[in-house]
Every structure is written in C-alpha cells, then in structure tokens.
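Okay, here's what each chain looks like letter by letter:
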Amino acid sequence: MEEYGGGDLLSEAMGSAARVVVVEDCVEAPGAFVLHLLLKRALAGGGAAAFLALAQPFTHYDRILRKMGCNLSLHRRNERLHFFELQAFPAAGGARDGAIADCFVRLYSEIQRVVEATRTGENAGQFTITIDDVSLLEVAAHGSVDNVLDFLYYCVTLTSEMNCSLVILIHEDIYAVEENMGLLLHLRHIADLVVKAAPLSTGLAADVHGQLSVVNKGTFSEQRAKAQKVWSFHFKVKENGTDFFYPGSRH
Amino acid sequence: MAAARGQTLGRSSFSRTTSNPAASSSGAAGVKLGPNGAAFVSSGIPDLDRILGGGFLLGSVVMIMEDSDAPHHLLLLRCFMAQGVMHKQPLLFAGPLKEPRLFLGTLPAPVSSSKEDGRHRVMGAGVSSDGRGSDEGLRIAWQYKKYFGDEKASSAEHKDNKQEFSNDFDLRKPLERHLLNGQNIECVSTQDADNLRDLQDHCSTFLSKLPGKDGGSLTAGRIAIQSLCAPQCGYFEKDWDMIQFIRLLKVMVRSSNSVAVITFPSAVLSNSFCRRWQHLADTLLSIKAIPDEDKDLAKLLTGYQDMVGFLHVHKVAQTNSQVPVILEASTLSLKLRKRRSLMLERLNQAPVDGSSGPSSAASGSCSSSQGSQLDF
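Line by line, the protein sequences give chains A and B.
FYI, in my numbering the residues of the first sequence are 1 to 251.
FYI, in my numbering the residues of the second sequence are 1001 to 1376.
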C-alpha cells in the first residue's frame, strides 16, 4: 500500500499488512474520509474492492473519489469495484428474525462470489471489503447484534482464506454506554489496526479538522514488532485528499 | 439601542466563500442552486440560510434537537413550513397532535414588503430621530464586527434574490387562511399511531408525487415532522422502528427534490439512540432555551432582552464532498426582533457594566471586560 500512498503519515502508521482495519468516528468528527482514502488506495494498487454502502448512494462516493483522482464508475464497469447499494437493505419483508438472517447470508454469499471470481481472474491482487457503516448494518438487522457479528466474522474468515482485507467504519460514540458496548468491543478485538477520528478538544478550527490516532495491534507481522504501536496526529480534510501532520508542525 | 438593532438587521459576519449569490437564481420559485450541484430551499429564517451556506439542502434530512423545557423548536418548524406555503411548495406535516391541521393556523405570515421598506427607512432615519444620531461617528467599536461589510453584503442584487428565496416572518401575525386552503398540504397525526408504517406510506406517496430529481421543473417538497419520538406517540419506545424509519426516510428524501425537517425531544431517547439519530442527520441543529431571568447571562451578553435561546449548529449537510463545513461560530443566539421576527446572531459579550447598547455608552464602557469568559 505504501508506495501508492505518497508516504503520508497515515500510510506510514498503518503499515501494509493489516488485515482488518476498524475506523472509529463520532458525530463531531466524521471518519468517512478515511474510508475514501483507503478505497482509493485499494483500487490504485491494482487490486479490487467490494464496497458495502449503507450510508450514502453511489453518486456521492463517485463524486468524492473523482475529486481525489479515482474514477469509481470506470472501476465499477471494469468489475474492479463491486458496489453494493444497501441503503434500503434489507428489502421489504425482512422484518422477521429469520428473514434478516437470510438476508445477511445472501449478502455474504454474494460477497464471497465476487471475491472468488476476482481471485480466479487474471488480476489476483489484493481485495478489499469496505463497510460504511456497521452501525447502520445493526439498524438494518433491527438491533440484532448477533446477526451482524455473524456476518462480520464470516467476512473476517475471507481475509485469511482469500487474501482479502477488511475495512469497517463504526460510530464509536453510539457504544459509549457500557450495556451496549458489545459490537464495538468485538470489532476492536478482531481488528489488527484501529484508526480513530476524534475532534480537537479545543473545539472548532478551520485548519485542523480533528485528530487521528492509529493503534497498531502488532500481532500480524514480526518485523513490525519493534515499530511504533500508537500514532496520533492531526488531519485536515480537503477535496482532493487529506493532510496529515503532527500537532504544531504545520507552518 | 434601536439604532444598534437596525445596524445588525439581518446580518452576521459569517459568509461562506463558496456560495455564490450571483449564480443563485433558478427556474423554480424558492429553489436556489449552489456549488457542487447542490440546490437549497429556504429555512424561512434568512439568517439561518446564510449560516448554513444557502439554506436547507435539497435531498437532506435536517434534525433539530428540542429543548426539553421550551417549545422553541416550533419557531423553526413554523418558519420552515410557512416558507413552503409562501412558495406554494407541497408540504407534509406530521405531529403528535389530535388535529394536526390546526397547527397550520399557527404559521406566521410574512412581513409585508412595503412595511419592510418602511422599517428600513425608519431605521435610517431613526439614527437621528432618537437624538443619538450625532454620536454615530463616535461610536466605540468594541463590537466592530457588527458594523463590517454592510455594503459588502451586496444589497441590491442579493436582496432581489432574497425577496424571492426567503421571507421575513412576523411571528405574531397568522398566515392568511386562503393561502393554506388552495395548497397541496397534507397533515398526519402521529399521536395514536401504533407503528410508523402509516407515516412512512404517507411520506413515500407524498414524495412520489413530486417530480423526480432529473425532471425539468424543480418543485421542492417539504416534510415537517414534529417531535418524532414524543412519548404520546403509540410507537414510543420502539427505538429500532423509529431509527429504521429515519433511515428509510433519508433514502427516499435523498432521491427526491425535498427536504425533511424532523424535530425530536432528545431527552427521551437513550444516550446511544440519541447518537444514532444524530449520525443519521445530514444537518443537525439543537435549540436551547434560556431562562427568563438569568442575571449572570444578562450581564455577559448584549441584547439579552430579546434573546429567546441558543441555536447550536452541530453538522451542516454536505453532498458530494468530504470536506466538513467549519462555521465561524457554531453557537448562535436566537433573537426575536421587536418580538416579531426571528434572527440569529453570534454571541457578543457585553462590556463590563452590562450596559446594553454600544452607542449608549458614551463614556466609561471602554474599560476592558473583566475576563468573563463564556464557555460554549
């Protein structure tokens, strides 16, 4: 990943071997820009991606990524990007418990199918599955955490079997209260890397949009054992990308 | 004081550089085009439109967190609905009331334009007529931001657009009946509904009647939902149903030419659900009332007498862009000018002795303020 990332702080902090990346954000500091960046890198590296969009329609991502220099429509036509429009997921009639589980099973097998198809194809590069976002998956499941977790664990198995990586966005502040921390704790457990966006404690600023901390769980690579575990730096989101910098190091 | 009020009329120091008022005219009444392929409708409060960079974004869901003690959110909701009626835009209202149609009777009427002009003139003249006119040149500029850019605010062409796009509403005068009768206005009661199925069907038929986004004419629809999660609703405590409803509403609104404004009493939701609601909002505002006689606040802030509350802007809708909107100030004071029309202003700290008007303090008020810091 590094050679395509232009060597910025985020790619340096993330390394290249993370299988499961969990992006946490909150109302004050949305973290969707990290997903955009990772999606762009995944596609730029000659790899393929599946994007599970629950939050926004395709046009939204298309226009954003286009400004960043990545043509999603083109990738979609070339079957490098498999875009799942899940804004209305599950389709009508999924109110009963069993029906929801079926919907998830169908969704998973669809993903599995595209991953396998890509693997057997001529470009067997890295495959990235991105979920935007898990909190909405939980809403779609009508609050059934078990169904969501089952689905996520199945996706995690793909990462080891199929040379995939998984990027998951979760709104961390929803799970701040102890009794419903379950999903967040599970995600943190399966993550190799946690990227957390937080607002500045000093409040609004036009030049700094927030703080990003990257926690490297470090279990996935021997050489990186000595590498830095926790990174934190500031970010500023721009139309064509994002600036990352250490506090106070800018101008 | 009156002179000072006149100076601040309909203006704040915030202006987005990206919004281009010159390119803002469009075919349909009440719809303004902005950058990034965005289209706006007015919130009914000209100040709020400007703060949000043009108004409420078409295709977005605006959520307003209510104050638990005071019904100030209704002011915003009424202005939003009345503005739609003025533009003859289709309107769907849902509220936890027995007779939601009665709510339409409380919508405010616009300040008539002749009167508006008259008031402008009075204000121009008032400077000299109230005997302090000669102080004009000597005004102490401790709030000098207020006096900036009056001319810059492109009075002529901007105003022509503005007259069409948004009206000033007189909250004391009800909207004339005949405007409400011939309109495409639907009302739904959520009071005894056991589930949200009904409301959802209403919304989807309402939206399907609108011309689509790619249709030639831009007729914008407005959905106003009052107190979606109020305890008197039959579906109260069906948290997942409610959030699913918002999620589906968001999808429907997104693919149509409409704006949905939802107010909700955030205090009755659990913490985590409140967060979920906030995440689903495209534009998120919250309203806080201020107590009637808070002596400390009265000392701290100028214009406290007309203040009815604070408006906090948490999120501003952005389509097709990942850059967040950073406002110059996110907490604004909500004022009733002459007890009639709503305006929003940045908070201004009063000078040390709490004298209310900048021009009334000819001497003595230029001593530095005593480090009274408001923490917002």
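For the record, the hints were derived by calculation from the structure and aren't laboratory data.
Quick reminder that beta carbons are idealized off the backbone N, C-alpha and C, glycines included.
Hints are supplied without guarantee of correctness; some may be wrong.
Cut-off 35 Å, straight-line C-alpha distance, at most; resulting in silico cross-link-like pairs (DSBU-like, lysine-lysine) [unchecked claim]:
#1 LYS1288(B) / LYS1338(B)
#2 LYS196(A) / LYS1288(B)
#3 LYS40(A) / LYS1338(B)
#4 LYS229(A) / LYS1315(B)
#5 LYS1315(B) / LYS236(A)
Listed next, with one range per pair, are the computed distances between beta-carbon atoms [unchecked claim]:
#6 THR202(A) / GLY1037(B): 32 to 40 Å
#7 PRO1291(B) / VAL177(A): 28 to 36 Å
#8 LEU74(A) / SER1208(B): 48 to 56 Å
Below, a sample of chain A positions facing chain B; criterion: calculated Cβ distance under 8 Å [said to hold, decoys possible]:
#9 GLY15
#10 GLU79
#11 LEU86
#12 THR159
#13 ASN180
#14 GLY182
#15 HIS186
#16 SER201
Structure-based check of all given hints:
1. LYS1288(B) / LYS1338(B): The given pair, whose Cα atoms are some 20 Å apart, holds under the 35 Å limit.
2. LYS196(A) / LYS1288(B): 30 Å, holds
3. LYS40(A) / LYS1338(B): Roughly 54 Å between the alpha carbons, so the hint for LYS40(A) and LYS1338(B) is violated.
4. LYS229(A) / LYS1315(B): 33 Å, holds
5. LYS1315(B) / LYS236(A): OK: LYS1315(B) and LYS236(A) at ~17 Å, within 35 Å.
6. THR202(A) / GLY1037(B): 32 to 40 Å: 34 Å, holds
7. PRO1291(B) / VAL177(A): 28 to 36 Å: 29 Å, holds
8. LEU74(A) / SER1208(B): 48 to 56 Å: 32 Å, violated
9. GLY15: Hint violated; GLY15(A) Cβ to chain B Cβ min 24 Å, cut 8 Å.
10. GLU79: 24 Å, violated
11. LEU86: For LEU86(A), the interface hint is violated, since the closest Cβ of chain B sits about 10 Å away, which is over 8 Å.
12. THR159: 26 Å, violated
13. ASN180: Constraint on ASN180(A) satisfied, holds at 5 Å.
14. GLY182: 11 Å, violated
15. HIS186: Since chain B brings no Cβ nearer than about 16 Å to HIS186(A), farther than 8 Å, the hint is violated.
16. SER201: 13 Å, violated
Hints 3, 8, 9, 10, 11, 12, 14, 15 and 16 from the earlier list are contradicted by this structure; the remaining hints agree with it.
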